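Asker: Sequence:
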Amino acid sequence: MAADARHFKRAHRRLLQASQDSLPGLVFDLVESKARAAGRRPKYVQVGAHDGFLDDMMYSHVVRGTWDALLLEPATEPFARLQTLHKDRPWVKCLNVGASSKSGTLTLHTLDPQARDRYPKWVPGAASLDRDTFFRLMSMRRDNADPNDIVEEKIDLRRLDDILVEQHALDADGLIVDVEGHEADVFAGARFDQFSPEFILYENVHLDDATDRRIRDQLEAANYVGFRLSKDTLCLNPSLLAPGLEAALANLGAVSWQNLKS
1 MAADARHFKR AHRRLLQASQ DSLPGLVFDL VESKARAAGR RPKYVQVGAH
51 DGFLDDMMYS HVVRGTWDAL LLEPATEPFA RLQTLHKDRP WVKCLNVGAS
101 SKSGTLTLHT LDPQARDRYP KWVPGAASLD RDTFFRLMSM RRDNADPNDI
151 VEEKIDLRRL DDILVEQHAL DADGLIVDVE GHEADVFAGA RFDQFSPEFI
201 LYENVHLDDA TDRRIRDQLE AANYVGFRLS KDTLCLNPSL LAPGLEAALA
251 NLGAVSWQNL KS
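Just so we're aligned, residue 1 is where the sequence shown starts under this note's numbering, counting upward by one.
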């Protein structure tokens with residue numbers, strides 16, 4: 001058995017023994033192993049990459065140089081940090097743009113840099129196209145959030161499928177979407193008959209039931225199998241589902257879309 005094929009089997013065994021918090025990272029390892037067993041480098045696309053470091057689940061994979069990456073970040077200040085972080089990594093491409101259902105310009109809401117010390121460290125890493133959503137984020141675990149600490153920036157948005165075609169990324173193995181409530185619009189700008197990554201990971205904590213269901217309907221129509229984690233949804237291409245994997249995910253508390261419907 002080839003070494004890369006053995007690595008894939010070991011990655012699958014680790015995934016079966018995972019904890020829920022470690023699930024995404026182990027899925028990344030599994031996808032990486034599968035790509036290498038096929039003789040190629042894995043690639044992922046991240047929509048809402050922020051600075052590429054704060055709470056970034058793919059950071060360790062990127063700095064090791066084991067994945068090619070296309071990172072999209074529309075906000076000026078975090079994008080500058082993202083570029084600086086990866087300036088010596090030719091396998092990483094950073095674009096100062098957001099993804100949506102159509103091209104255009106919208107207002108992004110973020111925390112005033114001068115107010116960072118007054119909020120939990122994860123708040124500066126958040127941003128939303130919806131002001132109310134961002135204020136709710138600011139107010140989590142804090143009773144005296146000040147709406148005057150919100151700053152606005154006009155950002156450029158493009159359809160995700162247009163970006164993927166231009167950047168030759170339709171063959172990406174993974175898609176990560178973290179856009180604080182704009183996830184449905186990002187997916188509406190993608191055609192999954194042309195783009196079929198092995199995994200899709202998106203944040204669901206800011207989505208109402210109707211919006212979350214709209215995303216699920218779109219991805220299920222593209223044959224993805226979804227699992228609700230604590231604050232994210234992990235979607236797997238059926239080609240990645242090896243024997244025992246769905247049961248192992250369920251044992252870790254991941255709720256399948258099928259069970260969410262009941």
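Bear in mind the hints are in silico, worked out from the structure with no lab data behind them.
It cannot be assumed that every hint is accurate.
Each computed DSBU-like pair below joins lysine-lysine, with the alpha-carbon atoms no more than 35 Å apart [as the list claims (entries may be wrong)]: (1) K93 with K231; (2) K154 with K43; (3) K121 with K87; (4) K121 with K93; (5) K154 with K87; (6) K43 with K102; (7) K93 with K43; (8) K87 with K231; (9) K121 with K154; (10) K102 with K121; (11) K231 with K121; (12) K231 with K43; (13) K93 with K154; (14) K231 with K154; (15) K154 with K102; (16) K87 with K43; (17) K102 with K231; (18) K102 with K87; (19) K43 with K121.
Cβ pair distances, simulated, as ranges [unchecked claim]: (20) D112 with E220: 22 to 28 Å; (21) T105 with R41: 42 to 48 Å; (22) K121 with A248: 29 to 35 Å.
Source: prediction; values computed, not measured.
Note that beta-carbon positions come from the ideal geometry of N, C-alpha and C, so glycine has one too.
Asker: Could you work out which of the previously given hints the structure breaks and list their numbers from low to high?
Answerer: 20 and 21
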